[in-house]
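Q: With the hints as constraints, model all of the structure from the sequences given.
One-letter residues, chain by chain:
There are 2 protein chains.
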Amino acid sequence: MMNYQFSPVLNRLMEHFGRLPGIGPKTAQRLAFYMLKQPRDRVQDFADALTEAKDRVVECPICHNLTDESPCVFCRDETRDTGLICVVEEVQDLLSIERVRDYRGAYHVLHGAISPMEGKDPGDLRIQELLNRLAATRVREVILATDPDVEGETTALYLSRLIRPMGIRVTRIAHGIPVGSNLEHADTATLSQAMQGRREMD
Amino acid sequence: MMNYQFSPVLNRLMEHFGRLPGIGPKTAQRLAFYMLKQPRDRVQDFADALTEAKDRVVECPICHNLTDESPCVFCRDETRDTGLICVVEEVQDLLSIERVRDYRGAYHVLHGAISPMEGKDPGDLRIQELLNRLAATRVREVILATDPDVEGETTALYLSRLIRPMGIRVTRIAHGIPVGSNLEHADTATLSQAMQGRREMD
Chain A
1 MMNYQFSPVL
11 NRLMEHFGRL
21 PGIGPKTAQR
31 LAFYMLKQPR
41 DRVQDFADAL
51 TEAKDRVVEC
61 PICHNLTDES
71 PCVFCRDETR
81 DTGLICVVEE
91 VQDLLSIERV
101 RDYRGAYHVL
111 HGAISPMEGK
121 DPGDLRIQEL
131 LNRLAATRVR
141 EVILATDPDV
151 EGETTALYLS
161 RLIRPMGIRV
171 TRIAHGIPVG
181 SNLEHADTAT
191 LSQAMQGRRE
201 MD
Chain B
1001 MMNYQFSPVL
1011 NRLMEHFGRL
1021 PGIGPKTAQR
1031 LAFYMLKQPR
1041 DRVQDFADAL
1051 TEAKDRVVEC
1061 PICHNLTDES
1071 PCVFCRDETR
1081 DTGLICVVEE
1091 VQDLLSIERV
1101 RDYRGAYHVL
1111 HGAISPMEGK
1121 DPGDLRIQEL
1131 LNRLAATRVR
1141 EVILATDPDV
1151 EGETTALYLS
1161 RLIRPMGIRV
1171 TRIAHGIPVG
1181 SNLEHADTAT
1191 LSQAMQGRRE
1201 MD
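If you're matching them up, the sequences are chains A and B in order. Numbering-wise (my numbering), the first sequence opens with residue 1 and increments by one. Numbering-wise (my numbering), the second sequence opens with residue 1001 and increments by one.
Among the hints, a few may not be true.
Unchecked claim - With a Cα cut of at most 25 Å, we get these calculated BS3-like pairs of lysine-lysine: (1) B:K1120 - A:K37; (2) B:K1026 - B:K1037; (3) A:K37 - A:K26; (4) B:K1120 - A:K120; (5) B:K1026 - A:K26.
Simulated from the structure, these hints should not be mistaken for lab results.
A: What follows is the structure in structure tokens.
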């Protein structure tokens, strides 16, 4: 965007903001100037938050949610029903379901969906970890809450075929969620309906 | 946005992103997860860029542009015409003019505009610094390039009344129909300005 080195230090900050998804060069410039006007303490705290998040946030060894304590807050919670596992693509999806406040089971985060187009194979997801978990613990139902798009449906079908032979009930969240959109942006009422209306996988 | 402390470390990063202008809670969440997926080096470099910008970027003592060298790149440039000063509200405005590549004079950054609504008085801007500069150096023209809104016009009028008695030519950037747009969609105020500011055809 800049044709000259007006301020290398400021340019470097603009470049970092500009590399964030959805942030164009004009917005990056605005954010950099905004940060300069903030108190020193707040800028330092933002910088520390970045490196601390990178250093301290890890995957939960049980459900693969992102957490800074191991196991994560959901896996540590003894009031939750560990016989019920809700499988989601991303941590954001888990957070969306959690906001509905009526699901009290456990989770499993795949960190993606099967996508031949993007070169995402089952081996790139936390699928083996899910199978190991199902083999090691007593689970009566797995709810497949992957997105209702091609990748999510493919992943759900793939998982269903692996899990049903283990004698575990496999359900899919209902298509209350508009097909083609994604779970992260669903409103809580729709999401609640989708959870309640779940059906047996064919 | 979050009703529980799912990960204090991650929440803190989301909060920092969420406090940036124009970034809502959903975007802040997405940016935080995005950063976690980046290489450690890049996250560290972003963090360093934040604190370094805050620590090293200062106002140029001459034109009040933001810079990490003092005086700034424009005030150091001996090929520029120091007898001509373009007054802008913000550093971003200076950068916009600089991108046009045909202005070769000096600048003066006010760091805002007079706004009784926002409690911005002339004393909050770099106006006294501009007057001192005009008194100390030989300047033949001051171009007022503040925004064409109420605050910008008020500021231009205020500056004009202070500078003209010093025997210096004071001009205002032209208002009119933006190049490439069409007359049909111009608002009446712009169209009125464009008519009044009409010039002889070459």
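Q: None of the hints should be skipped; say for each whether it holds.
A: We went through each hint and held it up to the structure:
Annotation: proposed proximity of K1120 of chain B to K37 of chain A holds, straight-line Cα distance about 16 Å (limit 25 Å). Restraint check for K1026 of chain B and K1037 of chain B: satisfied, since their Cα atoms lie roughly 17 Å apart, inside the 25 Å limit. Under the criterion of a C-alpha separation no larger than 25 Å, the hint pairing K37 of chain A with K26 of chain A is consistent with the structure, at around 17 Å. Between K1120 of chain B and K120 of chain A, the direct Cα distance comes to roughly 54 Å. Violation of the 25 Å bound is thereby established for this hinted pair.
Restraint check for K1026 of chain B and K26 of chain A: satisfied, since their Cα atoms lie roughly 21 Å apart, inside the 25 Å limit.
In summary, the one numbered hint that this structure violates is 4.
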